[in-house]
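K.L.:
Here is what each chain is made of, one letter per residue.
2 protein chains.
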Amino acid sequence: MTALAHLRATLDMLVVDWLGVDEDRDIVQGLLDLAEGIAADHFLPHYKLTDAQEPRLEADGVHVHPAIAPALRYYADAGLFAAGFAPDLGGMGLSALLGSAGFALFAAANIATAAYPMLTAANARLIATFGSAEQIDVFARPQIAGAWFGTMCLSEPQAGSSLADIRTRATPDGEDALGARYRLAGNKMWISGGDQDVSDNIVHLVLAKIPGPDGALPEGTAGISLFIVPKRLPDGTRNDVVVAGLNHKMGYRGIPNCLLNLGEEDGAVGWRVGAPGQGLRQMFQMMNEARIGVATGAAALAMRGYALSLDYARDRTQGREVGVRGGPPAAIIAHADVRHMLLQQKVYAEGALALCLYCAALVDAEEEALLGLLTPVAKTWASEFGLAANDLAIQIHGGYGYTRDFDVEQLWRDNRLNPIHEGTTGIQAIDLIGRKLLRSDDDAYAMLRARIDATVAAAQDDVDQCVPARAVADAWTRIDATLARLRDHPRAAHDNATAFLRAFGHATVGWLWLDIARASAGDDAAAAGRRHAARYFAAHELPRVAAWLAPVDARDALAAEMPDHGF
Amino acid sequence: MTALAHLRATLDMLVVDWLGVDEDRDIVQGLLDLAEGIAADHFLPHYKLTDAQEPRLEADGVHVHPAIAPALRYYADAGLFAAGFAPDLGGMGLSALLGSAGFALFAAANIATAAYPMLTAANARLIATFGSAEQIDVFARPQIAGAWFGTMCLSEPQAGSSLADIRTRATPDGEDALGARYRLAGNKMWISGGDQDVSDNIVHLVLAKIPGPDGALPEGTAGISLFIVPKRLPDGTRNDVVVAGLNHKMGYRGIPNCLLNLGEEDGAVGWRVGAPGQGLRQMFQMMNEARIGVATGAAALAMRGYALSLDYARDRTQGREVGVRGGPPAAIIAHADVRHMLLQQKVYAEGALALCLYCAALVDAEEEALLGLLTPVAKTWASEFGLAANDLAIQIHGGYGYTRDFDVEQLWRDNRLNPIHEGTTGIQAIDLIGRKLLRSDDDAYAMLRARIDATVAAAQDDVDQCVPARAVADAWTRIDATLARLRDHPRAAHDNATAFLRAFGHATVGWLWLDIARASAGDDAAAAGRRHAARYFAAHELPRVAAWLAPVDARDALAAEMPDHGF
Numbered sequence: 133m134t135a136l137a138h139l140r141a142t143l144d145m146l147v148v149d150w151l152g153v154d155e156d157r158d159i160v161q162g163l164l165d166l167a168e169g170i171a172a173d174h175f176l177p178h179y180k181l182t183d184a185q186e187p188r189l190e191a192d193g194v195h196v197h198p199a200i201a202p203a204l205r206y207y208a209d210a211g212l213f214a215a216g217f218a219p220d221l222g223g224m225g226l227s228a229l230l231g232s233a234g235f236a237l238f239a240a241a242n243i244a245t246a247a248y249p250m251l252t253a254a255n256a257r258l259i260a261t262f263g264s265a266e267q268i269d270v271f272a273r274p275q276i277a278g279a280w281f282g283t284m285c286l287s288e289p290q291a292g293s294s295l296a297d298i299r300t301r302a303t304p305d306g307e308d309a310l311g312a313r314y315r316l317a318g319n320k321m322w323i324s325g326g327d328q329d330v331s332d333n334i335v336h337l338v339l340a341k342i343p344g345p346d347g348a349l350p351e352g353t354a355g356i357s358l359f360i361v362p363k364r365l366p367d368g369t370r371n372d373v374v375v376a377g378l379n380h381k382m383g384y385r386g387i388p389n390c391l392l393n394l395g396e397e398d399g400a401v402g403w404r405v406g407a408p409g410q411g412l413r414q415m416f417q418m419m420n421e422a423r424i425g426v427a428t429g430a431a432a433l434a435m436r437g438y439a440l441s442l443d444y445a446r447d448r449t450q451g452r453e454v455g456v457r458g459g460p461p462a463a464i465i466a467h468a469d470v471r472h473m474l475l476q477q478k479v480y481a482e483g484a485l486a487l488c489l490y491c492a493a494l495v496d497a498e499e500e501a502l503l504g505l506l507t508p509v510a511k512t513w514a515s516e517f518g519l520a521a522n523d524l525a526i527q528i529h530g531g532y533g534y535t536r537d538f539d540v541e542q543l544w545r546d547n548r549l550n551p552i553h554e555g556t557t558g559i560q561a562i563d564l565i566g567r568k569l570l571r572s573d574d575d576a577y578a579m580l581r582a583r584i585d586a587t588v589a590a591a592q593d594d595v596d597q598c599v600p601a602r603a604v605a606d607a608w609t610r611i612d613a614t615l616a617r618l619r620d621h622p623r624a625a626h627d628n629a630t631a632f633l634r635a636f637g638h639a640t641v642g643w644l645w646l647d648i649a650r651a652s653a654g655d656d657a658a659a660a661g662r663r664h665a666a667r668y669f670a671a672h673e674l675p676r677v678a679a680w681l682a683p684v685d686a687r688d689a690l691a692a693e694m695p696d697h698g699f
Numbered sequence: 133m134t135a136l137a138h139l140r141a142t143l144d145m146l147v148v149d150w151l152g153v154d155e156d157r158d159i160v161q162g163l164l165d166l167a168e169g170i171a172a173d174h175f176l177p178h179y180k181l182t183d184a185q186e187p188r189l190e191a192d193g194v195h196v197h198p199a200i201a202p203a204l205r206y207y208a209d210a211g212l213f214a215a216g217f218a219p220d221l222g223g224m225g226l227s228a229l230l231g232s233a234g235f236a237l238f239a240a241a242n243i244a245t246a247a248y249p250m251l252t253a254a255n256a257r258l259i260a261t262f263g264s265a266e267q268i269d270v271f272a273r274p275q276i277a278g279a280w281f282g283t284m285c286l287s288e289p290q291a292g293s294s295l296a297d298i299r300t301r302a303t304p305d306g307e308d309a310l311g312a313r314y315r316l317a318g319n320k321m322w323i324s325g326g327d328q329d330v331s332d333n334i335v336h337l338v339l340a341k342i343p344g345p346d347g348a349l350p351e352g353t354a355g356i357s358l359f360i361v362p363k364r365l366p367d368g369t370r371n372d373v374v375v376a377g378l379n380h381k382m383g384y385r386g387i388p389n390c391l392l393n394l395g396e397e398d399g400a401v402g403w404r405v406g407a408p409g410q411g412l413r414q415m416f417q418m419m420n421e422a423r424i425g426v427a428t429g430a431a432a433l434a435m436r437g438y439a440l441s442l443d444y445a446r447d448r449t450q451g452r453e454v455g456v457r458g459g460p461p462a463a464i465i466a467h468a469d470v471r472h473m474l475l476q477q478k479v480y481a482e483g484a485l486a487l488c489l490y491c492a493a494l495v496d497a498e499e500e501a502l503l504g505l506l507t508p509v510a511k512t513w514a515s516e517f518g519l520a521a522n523d524l525a526i527q528i529h530g531g532y533g534y535t536r537d538f539d540v541e542q543l544w545r546d547n548r549l550n551p552i553h554e555g556t557t558g559i560q561a562i563d564l565i566g567r568k569l570l571r572s573d574d575d576a577y578a579m580l581r582a583r584i585d586a587t588v589a590a591a592q593d594d595v596d597q598c599v600p601a602r603a604v605a606d607a608w609t610r611i612d613a614t615l616a617r618l619r620d621h622p623r624a625a626h627d628n629a630t631a632f633l634r635a636f637g638h639a640t641v642g643w644l645w646l647d648i649a650r651a652s653a654g655d656d657a658a659a660a661g662r663r664h665a666a667r668y669f670a671a672h673e674l675p676r677v678a679a680w681l682a683p684v685d686a687r688d689a690l691a692a693e694m695p696d697h698g699f
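Residue numbers (our numbering), protein chains in the order written: chain U, 133 to 699; chain L, 133 to 699.
Please keep in mind that the hints were generated in silico from the structure rather than gathered at the bench.
Incorrect hints may have been included.
Given that identical chains are not distinguished, each listed pair holds provided it fits within a single copy or across any two copies.
Unchecked claim - SDA-like mimics (lysine to any residue), calculated; alpha carbons at most 20 Å apart, straight line:
| # | residue 1 | residue 2 |
| --- | --- | --- |
| 1 | Lys180 | Thr535 |
| 2 | Lys180 | Arg536 |
| 3 | Lys180 | Glu498 |
| 4 | Lys180 | Pro198 |
Bound-form chain U, shown alone (with noise of 0.2 Å):
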């Protein structure tokens, strides 16, 4: 079986038997048909070509391997680009959910070329959002339809991931059809597709500040408002936006990574979309959207690493079992430490999917307080853990896996952008235990908390699942404890949050496995196997949550206090 169609027959259940989507089965069927079919032949193909020979910048623009064109330009004519959108602005309507797995399918075949649609829908979605009727058809229109191309430029030079620091200045520049027009002039860093010679034209969705009377900037982030700044304007004439640099990533590579500076002549031309103020809210919209996609991508990496290991596994040959002497050697697959790389990634690769896919299932569902309650623990749990997969899928392979023959290294090199990008580990710790959970009223983790104690509750009787349930309980019962003790203490949930967010990582997804479990029934393997990996995580796993918890509950300052010289 190939990769591709492992990660299918996963989408599959969890798709279907697991979440329930919406889409009838034949829809779902035709749309994973197609994405797995394109992914296949269009997408995979240049995985390794598209990481040898990475974007260049010449005098005309940055120049992007020429196989990637070609595969989107395959994408967008099966209307992939406006899968998820209505059926008014183009689209085809689909679920959330539905789009999820479909992108799994691309971002598993090439991460980086999988990265332009996902960038680009996430863009054209914030358009329709929050533009005017005139944005919505003059930017949004051709992103849906796959012609134009999209950004987010968030990022300067000197503000990473503080961005009340940016300084790109939006100055008023009249009114017309498509609404408030600024001149803007700054420089924005790390932008995916900033600029490639693949797409008609490149629509960036820019963060900038607009001058006072005073002529000084506004501080903070209140003052950030939103600007549809397009390479080409609207008459066919190029805007003022340059590309000054690109970054050489270690992967990921497909994509240029650009730094763009606006305004070196007249000031690239803008369109304020929404009210002044209102930039950064309006932005995290598709930030939370890319943040979910960049969880999906790391799955999607987890789970052709696994598949590709398990299939090396069952084919290479090492050793012979244990009490076995002489004879042929056995195929790896037989060995301890290879079946425990294989659970392990198969509940992590596969427990990041379920994670993802559950969100985007909340999309659907309009349930956004729990989304955004999830939304840092997807990003950080799939990032992590697929990456931690990767790993394990190049121990597998020993020497052949640290190779360029195979295709496992790659893999672990594209995946390691995936806990910088779209907001590093580090913030969405302090997202998950500041904002979403000490800071808010709403309840969303009792939410949460309901539905684990729902899916404990089922498992409870079941003789297979009734020790892993047992295990998901208690871990819940400590983070309950640990929250509890943490509400008045502010500053020391804040100095340990990383160490939480892996804590609540974990349990939520002891308890996805425990659900997924139930929804497994039946004799056949792959029902049996994920029964047993529920297990396995329970098992191996979870015994993580108290040591992760042990310095938070003690309220731990040894970060805090280590002298600056001490290091």
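We have chain U already, so just place chain L on it with the hints.
P.N.:
Coordinates of chain L only, in the frame set by chain U:
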């Protein structure tokens, strides 16, 4: 402070203050000055060059980057190939401990270039131990002088970790002044430095089997003998050893990794070392030395990444300290998450280095049983947590760390080889629990426990260290209990050997940190930082011991019982 100066300061403390190296202070400082100077001036400058321009195989053999030869010429001219050998072999007679400290500086500067002398010294030491006087004169002395380099040829394409399955055949071919002569034919895989254009000659130490009277190769490892197979014969003619290909690695690229064909024509001439059938036993000397060398290299990479990310964290500004609004951005070392990542790197990198140096001191003290027990622990722990440290160094750099403009991504790629070569983690794990603990009747474990108890007893009355002392004692009480449970269940021990090794490794490093804290009295910031780090390891890392042991103690069989078609 440069990364090498930072490492040097740590080595001074560990080697002199903590381990009490044999040599007097002038010799120690002289050697480390020499090593730091050559490493900084001649190894570091080509670190990125040899990554970008990897070795090429041409008609006349393998060509490596031209910066490597002059660097190793400086190394040889300084007498460093000879550092660890006795004066009657032309050596400096330095202790293994001081030699390891020097090696760490070279490995931190350029792990691939440092690998040539590491392998060469281990090769020469094997010949010096088991070879005849003539073999030593002809093959060891030129390596001790740094004129010839050495390799170890164990694996074959079909036999990586399973040496019993090697098929290289050694046919008797008379006897001469160099001993019993053979003609060898076979394929050797993963040979680091298997060919290059740096040294005048290459001494391959080759494992092969001598056919029986029926022409068949003996089964198992007992039939393995050891042979010296030079690239050029003593009369200067080429031996029948051909490079059939290079492996294109993800990192560690400065040293070529070769597939060697022996005996494509008349058979490669080789001289047997020692008695027939002793090959594996003899090779274990070199392999164990190489395992500690790999571990020391992994620790050195971790130390460099730690120093680089510490510098970055002090320079890079982003965001504000908790509770501060407005004003200039803070250096990111002020942020809790960054401080955790720095402390984690400190405890991983310095802990790994300490464990490797402790093993080197055991070589000097000729405590072979304890060294044998700790070798798989050091190999694995330094490799895995050194890699984890490099991952954190990338994370501190954010997006910049993912680019090739900084060194940390290469450190991470380079370090990924270390859990694979010289015996994977899985191999080390069954060595520890099987050979070194459950099947051994020596008292190495009792000796280790006595030392740990002594450290704990000394720390218990120290108000600063009594908490970590209790945590270390608790971790080892758990390991004692696990071992007692496993003693009659060797299959269960084997099935969860890797988790046990991880627990054992963390408990070992926890003990060493406690011991380092004991040796770090005084008010200076570095000493205070080490005492702080010991507490950090106990609070944040030692809780993982219980998490790893939980399934081991339960004699968990989930990996063994997973149905093959359930993956």
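K.L.:
Return the numbers of the hints above that this structure violates; sort them in rising order.
P.N.:
Violated hint (a single one): 3; every other hint is consistent with the structure.
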